[in-house]
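Trainee: Since the structure of chain D is provided, determine the placement of chain Z with the ligand on it from the hints.
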Amino acid sequence: MGMTITQKIIARHAGLASVKAGQFVECALDLVLGNDITAPIAIEEFEKCGAGRVFDPAKVALVPDHFTPNKDIAAATQCARMRRFARSHDIVNYFEVGQMGIEHALLPEMGLVVSGDAVIGADSHTCTYGALGAFSTGVGSTDMAAGMATGRCWFKVPAAFNFRLTGRPGPYVGGKDVILHIIGLIGVDGALYRSMEFSGEGVGALTMDDRFTIANMAIEAGAKNGIFPVDEQTLAYVREHSDRSPVTEAADSDAEYEKTFSIDLTQIPLTVAYPHLPSNTRPVAEARDVPIDQVVIGSCTNGRFSDLRAAADVLRGRRVAKGVRAIIIPATQRIYLKAMKEGLLETFVEAGCAVSTPTCGPCLGGHMGILAAGERAVATTNRNFVGRMGHVESEVYLAGPAVAAASAVAGRIASPDEL
Amino acid sequence: MIIEGRVHKYGDNVDTDVIIPARYLNTTDPARLAAHCMEDIDASFVSSVKPGDIIVGGMNFGCGSSREHAPLAIKGSGVSFVLAKSFARIFFRNAINIGLAILECPEAVDGIRDGDTVEIDVDTGVITNKTTAERFTAQPFPPFLQKIIAAGGLMASIAAGKGARG
Ligand code: SF4
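Here the protein sequences line up with chains D and Z, keeping their order.
Its first residue numbered 1, the first sequence is counted upward by one per residue in the numbering used here.
Its first residue numbered 1, the second sequence is counted upward by one per residue in the numbering used here.
For reference, chain D alone in the conformation it holds in the complex (with noise of 0.2 Å):
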């Protein structure tokens, strides 16, 4: 039986020359990543069970993300430990505030990841750079206390789904609706445990920020990882970003599917998610009567270049309605500076954005944007969970940068065809 792309690198990372799904197998890693959330219960374990040295310092990322620029004390009590054991081990890729950005969008950018690699992260998103064609999985932090200690992983051996893309998105609609259209289709465990392996020759007309924003949402469907086939996009991103020499993995022509989905991307219309799950999600056009408090468009899912370019695209010219709060977060430094280099932050402050430097903030309900009680968010992130952006009585609706913004301008869930 063949092997997934996922099974490829999982057997190569193993030292063998085939697994199949199941299988339980410990893999080398190219590089653990961890944040200033998780890295300092896992470097509490790591220092706890004697490990010395981490196995590679430049094979472990730290990134202050999440609560920073320190929100609190207590946060900044934990990038403070985080800082210092970067220190100590003279670990390469740490990222202070004025150089971080959220580590998602980052990692990336700075070529630290590229195709064939095997990644973990304490962090439920690393699975983002599957985009890359990549294996990477989010882990908890004594998997991240293990891998920098031993430079190694367990894992059982992912079956898979396939999801065969064809045609082209139609205007506006962007990698965000493409993955809430499949969450929709599948839930929220539709696939545990599995890899959700992209196929077919609709990839070729996804950006490569729409792949990074669809393989961030793989484990709000429950997968281990999500990924897409290596193709001269993917290469020249590889090319642009990163020295490492990319390896690129094919799935077998008989490689098991568990089930095989189609998808035609050129149905897809803009999509939305209700709260307070990722796959309540219905088409915008059946959304209009919603009123809302506050737009954020950020996070690792939707951060990136382009979406900025999106939303500063519906934006343009147009003020931010009577009452509501937008904010505005790009998701890099770099991509900060593209941004105002290009006038979309000029953009954003003269239609009534409030723009922040790099952080995760209120994607999670940290800072710079939590909701009171019976407030409703329009956001770009990646979870609507009870309580996910403040408080429990708080409701955030999930959506691509296009939609996002225009629900901005007009107060409510709109389509920017609308405006």
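Rather than coming from a laboratory, the hints here were simulated on the basis of the structure.
Don't take each hint at face value.
[What the hints assert, rightly or not] Okay, derived cross-link-like pairs now, DSBU-like style, lysine-lysine, Cα gap no bigger than 35 Å in a straight line:
no., chain 1, residue 1, chain 2, residue 2
1, Z, LYS9, D, LYS259
2, D, LYS71, Z, LYS147
3, D, LYS259, Z, LYS50
4, Z, LYS75, Z, LYS9
5, D, LYS48, Z, LYS130
6, Z, LYS50, Z, LYS85
7, Z, LYS147, Z, LYS85
8, D, LYS20, Z, LYS147
9, Z, LYS147, Z, LYS130
10, D, LYS48, Z, LYS85
11, Z, LYS130, D, LYS71
12, Z, LYS147, D, LYS341
13, Z, LYS75, D, LYS48
14, Z, LYS147, Z, LYS75
15, D, LYS48, Z, LYS50
16, D, LYS341, Z, LYS75
17, D, LYS156, Z, LYS85
18, Z, LYS50, D, LYS20
19, D, LYS156, D, LYS322
20, Z, LYS130, Z, LYS85
21, Z, LYS130, D, LYS20
22, D, LYS20, Z, LYS85
23, Z, LYS147, D, LYS259
[To be verified] Per the computed footprint, the stretches of chain D lying under chain Z, defined by three or more beta-carbons under 8 Å from a beta-carbon of chain Z, are:
no., segment
24, 149–160
25, 246–253
26, 302–310
27, 318–325
[Stated by the list, open to error] For the chain D half of the interface with chain Z, some residues (derived, Cβ under 8 Å), not all of them:
no., residue
28, VAL139
29, SER242
30, LEU345
No residue lacks a Cβ here, since even glycine has one placed at the ideal position from N, Cα and C.
Mentor: Relative to chain D, chain Z with the ligand alone:
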């Protein structure tokens, strides 16, 4: 090992944001996390939970973020066991890695109500609902995971120099 406790039962898709809301993630101390465990889904949990109690959940328990604070908060609140129809995969790893006992058994979950007293034989996977005298058998863990659990968690197994090989 035999565990017995009173059940706190929840539905499907209990996510890590309700197990331990992000606003409390500025600490890693299990006792401080436990003070807010399940706060956004069951405000009475913290005052009613007793050492040894058992949490029973539906499908996809622990979905959402990778925060190990979630199993830590549960363990810190004295809960001895989590039984669910299925676990979200990161929660599953985390629970094993920190030594929080868990099992998946959909039939048992359907046969247990909130407040029931349940006995679980962790080695054999036999689950007895003492309130109704019904018995269920869960699939025990594969040997690979039993080795990690027997060592007292992942880091202990590494510290013991055994690694985590299967
Ligand atoms: S932006 Fe949100 S989902 Fe992404 S890493 Fe930060 S908190 Fe997590």
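Trainee: Does each hint fit the structure? Answer for all of them.
Mentor: Status of the hints after comparison with the structure:
1. Z:LYS9 with D:LYS259: Between LYS9 (chain Z) and LYS259 (chain D) the Cα gap is close to 32 Å, so the pair holds against 35 Å.
2. D:LYS71 with Z:LYS147: Violated: LYS71 (chain D) and LYS147 (chain Z) sit about 41 Å apart, past 35 Å.
3. D:LYS259 with Z:LYS50: 44 Å, violated
4. Z:LYS75 with Z:LYS9: Holds, at roughly 16 Å.
5. D:LYS48 with Z:LYS130: Distance ~39 Å between LYS48 (chain D) and LYS130 (chain Z) Cα, so the pair is violated.
6. Z:LYS50 with Z:LYS85: Status holds; Cα separation ~23 Å.
7. Z:LYS147 with Z:LYS85: Distance ~23 Å between LYS147 (chain Z) and LYS85 (chain Z) Cα, so the pair holds.
8. D:LYS20 with Z:LYS147: Satisfied, since the Cα-Cα distance of roughly 21 Å is no more than 35 Å.
9. Z:LYS147 with Z:LYS130: 30 Å, holds
10. D:LYS48 with Z:LYS85: With Cα atoms ~33 Å apart, LYS48 (chain D) and LYS85 (chain Z) stay inside 35 Å; holds.
11. Z:LYS130 with D:LYS71: At roughly 48 Å apart (the allowed maximum being 35 Å), LYS71 (chain D) and LYS130 (chain Z) break the hint.
12. Z:LYS147 with D:LYS341: Given pair LYS147 (chain Z), LYS341 (chain D) is violated - Cα atoms ~56 Å apart, limit 35 Å.
13. Z:LYS75 with D:LYS48: 19 Å, holds
14. Z:LYS147 with Z:LYS75: 20 Å, holds
15. D:LYS48 with Z:LYS50: 29 Å, holds
16. D:LYS341 with Z:LYS75: Outside the cut-off at roughly 50 Å; violated.
17. D:LYS156 with Z:LYS85: It holds: about 19 Å lies between the C-alpha atoms, which stays within 35 Å.
18. Z:LYS50 with D:LYS20: 43 Å, violated
19. D:LYS156 with D:LYS322: 51 Å, violated
20. Z:LYS130 with Z:LYS85: 19 Å, holds
21. Z:LYS130 with D:LYS20: 40 Å, violated
22. D:LYS20 with Z:LYS85: Holds, because 24 Å separates the two Cα atoms, which is no more than 35 Å.
23. Z:LYS147 with D:LYS259: Holds. LYS147 (chain Z) to LYS259 (chain D) sits at ~33 Å (cutoff 35 Å).
24. 149–160: holds (count 4)
25. 246–253: Check failed, 0 qualifying residues.
26. 302–310: Violated - the segment 302–310 of chain D has 0 residues with a Cβ nearer than 8 Å to chain Z, which falls short of three.
27. 318–325: violated (count 0)
28. VAL139: Constraint on VAL139 (chain D) satisfied, holds at 6 Å.
29. SER242: With a closest approach of 25 Å, the SER242 (chain D) hint is violated.
30. LEU345: Violated, about 28 Å.
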